[in-house]
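S.K.: Please put together the full structure from these sequences, using the hints given.
Protein chains in written order, with the numbering used here: chain A, 19 to 208; chain B, 10 to 103.
The set of hints was computed from the structure by calculation and includes no laboratory data. Since the model is a prediction, treat every value here as computed from it, not as a measurement. The hints are all genuine.
Straight-line C-alpha distance at most 20 Å; calculated EDC-like pairs for lysine to aspartate or glutamate:
id	chain 1	residue 1	chain 2	residue 2
1	B	88	B	57
2	A	97	B	34
3	B	74	A	101
4	A	159	A	109
5	B	88	B	61
6	A	42	B	37
7	B	69	A	101
8	A	42	B	91
9	B	42	A	39
10	B	42	A	101
11	A	97	A	109
12	B	85	B	15
13	B	84	B	37
14	B	75	A	101
15	A	203	A	109
16	A	102	B	37
17	A	42	B	43
18	A	205	A	109
19	A	102	B	34
20	A	102	B	43
21	B	46	A	39
22	A	42	A	109
23	B	58	B	37
24	B	75	B	37
25	A	97	B	37
26	B	98	B	13
27	B	58	B	91
28	A	42	B	34
Over 10 Å on every C-beta distance to chain B, these chain A residues come out as not near it, computed from the model:
id	residue
29	96
30	140
31	143
32	158
33	179
34	189
Stretches of chain A that chain B covers, calculated by requiring three or more beta carbons in the stretch to come under 8 Å of a beta carbon on chain B:
id	stretch
35	28 to 34
36	98 to 109
The beta carbon of each residue, even a glycine, is placed where N, CA and C say it ideally should be.
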Amino acid sequence: MKEPENLSAQQSLSIITSMIDQAKGNVQRNSFYFLLWGWVVALANLGMFALSMLDYQRPYIVWVITIPAWIYTIYRSIKQNADKSASTHFDRISASLWMCYAICIFTVVAFGYKINFQIGPIILIMSAVPTFVSGIILRFKPLMIGGILFWVFGIISFLVPNEMQSLAGAVAILCGYLVPGYILKNKHED
Amino acid sequence: MFNDLDPLLHSQLRLAVMSLLISVESAEFTFLKEKTKSTAGNLSVQLDKLSEAGYIQIVKSFRGKKPLTTCSITKKGIKAFEDYVNNLKQYINK
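M.R.: Spelled out as structure tokens, the structure:
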């Protein structure tokens, strides 16, 4: 960039707007976590549904498949954070949002026995918040719709019999994570 | 003509750097260099000027064995940038 003697007001303005635009495009558009968690949770829900149909005593055992996903998520996010060259305010808001969500999920799961393990609908409704807000941050409508659908399926899940809850959960995760995740991925590759 | 425009900001590269830094929390030297399409030497000189004025904060550290320069805007810098933009508005409205 050369340095001209006289910068007109118009030129100044166009430098400011173009640089702000450049920085704005830097918000991480990460479809990876949506796809990873979308598949893991969808499989866990379907597995739980299948096991409860087979009258297995502890169908929730399939949720252990989320443990490696947690470990990989933590590892990858730490590594990614160390590698990026600029961090935006939105990246930080986004990271804290998902971290709060994860902490709340852990808490609900840990104290699930206090509420007779009726945690499915609660988790779905809680998932609505970070998903919808991420949609706003990325200005990405499929995620906003996904967030709203989490809330809708949360309500449905309160109303249906116990064993159907996991099926509602699987459909919710398909709409809330997997569909927006794949759209985001394709958009990013364009 | 532009008497009341901060001369420190009224320069293409410095203004570009400040506009980038106002939009992010912090940015590395390489990020600024890439976005402003400037040379390392020139950018480094301009960053020092902004830092001397107290408009930005420069933190030097290491990533592994590579030196790492991270910049962020200060409160004084935000104020200066806002004043600059407000003054600019008057010129445009005239």
